[in-house]
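Chemist: Single-letter residue listing:
2 protein chains.
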Amino acid sequence: MSDQVKYVLDESRLPEAWYNIAADLPEPPPHVLHPGTGQPIGPDDLAPLFPMAIIGQEVSTDRLIAIPEEVRSVYRQWRPTPLYRARRLEQALETPARIYYKYEGVSPTGSHKPNTAVAQAYYNKAEGVKRLTTETGAGQWGSSLAFAGAIFGLEVDVWMVRASYDQKPYRRGLIEAFGGRVVASPSEETNVGRAILAEHPDSSGSLGMAISEAVEAAAPREDTKYSLGSVLNHVLMHQTVIGNEAQMQMDDTEDYPDILIGCTGGGSNFSGLAFPFIGRALREEAKIRVIAVEPAACPSLTKGLYAFDFGDTGHLTPLVKMHTLGSTFVPPPFHAGGLRYHGMAPMVSHLHELGLLEARAYTQTEVFAAGVEFARLEGIIPAPEANHAVKATIDEAIRCREEGVSQAILFNLCGHGHFDMQAYIDYAAGKLVDHAYSEDEVALALAGLPSVTA
Amino acid sequence: MSDQVKYVLDESRLPEAWYNIAADLPEPPPHVLHPGTGQPIGPDDLAPLFPMAIIGQEVSTDRLIAIPEEVRSVYRQWRPTPLYRARRLEQALETPARIYYKYEGVSPTGSHKPNTAVAQAYYNKAEGVKRLTTETGAGQWGSSLAFAGAIFGLEVDVWMVRASYDQKPYRRGLIEAFGGRVVASPSEETNVGRAILAEHPDSSGSLGMAISEAVEAAAPREDTKYSLGSVLNHVLMHQTVIGNEAQMQMDDTEDYPDILIGCTGGGSNFSGLAFPFIGRALREEAKIRVIAVEPAACPSLTKGLYAFDFGDTGHLTPLVKMHTLGSTFVPPPFHAGGLRYHGMAPMVSHLHELGLLEARAYTQTEVFAAGVEFARLEGIIPAPEANHAVKATIDEAIRCREEGVSQAILFNLCGHGHFDMQAYIDYAAGKLVDHAYSEDEVALALAGLPSVTA
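Sequence lines, in order, name chains A and B. Residue 1 is where the first sequence starts when you use the working numbering, and the numbers rise one by one after that. Residue 455 is where the second sequence starts when you use the working numbering, and the numbers rise one by one after that.
Keep in mind that the hints were calculated from the coordinates and are not lab data. All values derive from a computational prediction rather than experimental measurement. Please note that a few of the clues may not be correct.
What the hints assert, rightly or not - Computed spacing ranges between beta-carbons, pair by pair:
(1) A:H435 to B:P787: 58 to 64 Å
(2) A:Q422 to B:E609: 22 to 28 Å
(3) A:R221 to B:D894: 54 to 60 Å
(4) A:D10 to B:R855: 56 to 62 Å
(5) A:R283 to B:V859: 53 to 59 Å
(6) B:R855 to A:R283: 49 to 55 Å
(7) B:L518 to A:L354: 57 to 63 Å
(8) A:L197 to B:T819: 36 to 42 Å
(9) B:R635 to A:R280: 33 to 39 Å
(10) A:R221 to B:A546: 26 to 32 Å
(11) B:P787 to A:E155: 50 to 56 Å
(12) A:E189 to B:E609: 50 to 56 Å
(13) B:L518 to A:E155: 32 to 38 Å
(14) B:P787 to A:R63: 56 to 62 Å
What the hints assert, rightly or not - Which stretches of chain A does chain B cover? Using the computed rule of at least three CB atoms under 8 Å from a CB of chain B, they are:
(15) 55-64
(16) 313-326
(17) 369-379
(18) 424-436
Even glycine gets a Cβ: it sits at the ideal position worked out from N, Cα and C.
Next comes chain A alone, as it looks inside the complex (with noise of 0.2 Å):
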């Protein structure tokens, strides 16, 4: 193996195609219901909310699916994105460890999110959309549509939850600069809004509320489309063109990785860098583990109950079966924003019930605390979302070096940190709660499950 920190790929070794797992798979994924009728939803359920391409996407078992050349013009201008060897941390650990993460915060938004919305715009665009709506937590997801929507030439809606909206102005300064418009949500612009707001009228909002919103937004208009920015199928495809690119980059290190790591809220980052090598593997009848990580007071994967849920609060979506805390369930505040979400995607939970991948989970404090480790020996600050994949990769690395085998280890450096300053400031003024999710949330969030059980 060489000496070599950085891996670049040259723009000539743009992946040519995002990956399926659903090829792969040695059984499928349950299907979605729909909630009145409990019986399996078809693509005339979907086509208020997505055109048809991506309907097609969400279902689709073909291995390969093509990236239009209009989606790749515009991933040039940051992918392929660097793969790094992690060699100063190595170092600072005493670590047999070979430690590689693949770096997304190159993007416009400073993490992966755009991989998928400049897919997904491209698509509503082919089909004569102009306005798409969509929800935004900590505002990465709303920043990248709006920047996709800049370039595709649509209007681009974004409901911000209100605790972000007021208290994370910069992240909403990045919308707006690309070009979006932003309600804070719960907003008086949806019927669902409004019963919110005439019951709570100081609520703080949840993604579940925003996704309510904005999908009861873009439903009844014929030129508006709904963009989801995590969870389902094909938002997860169009990551894969991450994995895709460091099976190349992990090629030209000569080396292989033995664990794979990623932070899961939604599940798009861990699944875009993680399916490609899960396939590889099955195709290969080859083992290797991966590492899903998520925050202690969100625990989808570790605590919630695998089972047929709302993806939304106002009840306006499918239902899909996947890990669940309650579509009712309010994080409590903490800083890793895009990892606050009730449920996972119904992919990474059913491969999690197929064994392909094992969770965990971390409280904030001892994720800032890796991710400043990591930032003065790598010199790149994480995004909150991402202190969870390096914090469990620190643990993996110690250890490699207790047990003194020397492994290799890649994990996915979704995002930078720059507009999540607050965090780290608060971390070393020693100012970060950590929540545990108590046995009571978890009873008190699953009793409002609905009562299908296909």
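Position chain B relative to chain A; hints supplied.
Modeler: Just chain B now, with coordinates in the frame of chain A:
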């Protein structure tokens, strides 16, 4: 020419040397003078502040200075940086011009500053220094030196202009995340600071004051040296890694710039890109247009006097001949904090006198309009400083369209604006105030110039 938009260099093409323009000048720049004697200073005068390796570089006339392997090893984390072709901007402007930009925002702190911070930290460490002091305005420099200190195990104390300390907590948080200590300037820790506070208890500080404090704090201690982020020859030289890479990348494009553009505060990012190209033009007796762009509110090159002046408000530094607005000049508040310095790098001033570059000034509202246009097309939010270069580039591209000439323009996108979103929010809200520097201000500031006229 190819259809590529991004030109990346493999790590193997990371430059092995910095370029020193002193080797190619038709006449040498004026000496630096001792403020007491009015005579040229020698190495001993600078030894309390800088390590000998740096002092040697400051006066060297060697064309190439080898980059130590320890510095190249750190550079590799983000260098070589990408060079882009701005195809979407070209299309939007309907210009026959070919627009290229070198992007330094991929560095650990999001600007070109680490190029010299890492080198300075290395040379100080190599000579046994334990602690570095410095000043910072907007925070780009302070965070970069804190990062470099973390890498080489040096304490870093940063005097941060009080106005920024209060208004830019996120840049301060970044410095602290990298392990640096931040002191609001003026402070009670120095004689200069205490004297200012005695007279103006509510002083919001200035870069000139902060320099005085950092210099005072370094001079008496054996284990402590001072570090400057711009203006001096060695700083500008360390930045030429930008232009050296850009020359290789332009070779890859099979094109060559007719026009080079950079923003100027102290002059370092501009010099870093331009000097290697100017040097080549001098050696080959070729012509290249080079444009330095500054804020209309702090117009040292376009409105200042070319005279000997102090680098700081407290008059602790030697006298350098430069374009200056007077060392007591406190620029009005505007958002490009990195361009709020009363003087211009002596070497840049000298080149201007020799007719090797031209200068122009813009107000902040027009540069933010250019920056927003660029962001929506190219997907990068430029730093407020860099918006000056973007504005000049757009103006030149429009001129090309109007004149029907196809020229190649290369500008330095010296950093991203992730820590400057308040400026974009203020711009969108129509709250930016444009200051034009008046003749009265010129007279007032220049009346305070020292009487040395050598």
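Chemist: Each hint needs a verdict: does it hold in this structure or not?
Modeler: We went through each hint and held it up to the structure:
no.	hint	result
1	A:H435 to B:P787: 58 to 64 Å	violated (40 Å)
2	A:Q422 to B:E609: 22 to 28 Å	holds (25 Å)
3	A:R221 to B:D894: 54 to 60 Å	holds (58 Å)
4	A:D10 to B:R855: 56 to 62 Å	violated (32 Å)
5	A:R283 to B:V859: 53 to 59 Å	holds (56 Å)
6	B:R855 to A:R283: 49 to 55 Å	holds (53 Å)
7	B:L518 to A:L354: 57 to 63 Å	holds (59 Å)
8	A:L197 to B:T819: 36 to 42 Å	holds (37 Å)
9	B:R635 to A:R280: 33 to 39 Å	violated (48 Å)
10	A:R221 to B:A546: 26 to 32 Å	holds (28 Å)
11	B:P787 to A:E155: 50 to 56 Å	violated (35 Å)
12	A:E189 to B:E609: 50 to 56 Å	holds (53 Å)
13	B:L518 to A:E155: 32 to 38 Å	violated (53 Å)
14	B:P787 to A:R63: 56 to 62 Å	holds (57 Å)
15	55-64	violated (count 0)
16	313-326	violated (count 0)
17	369-379	holds (count 6)
18	424-436	holds (count 3)
Of the hints listed earlier, those the structure fails to meet are numbers 1, 4, 9, 11, 13, 15 and 16, in rising order.
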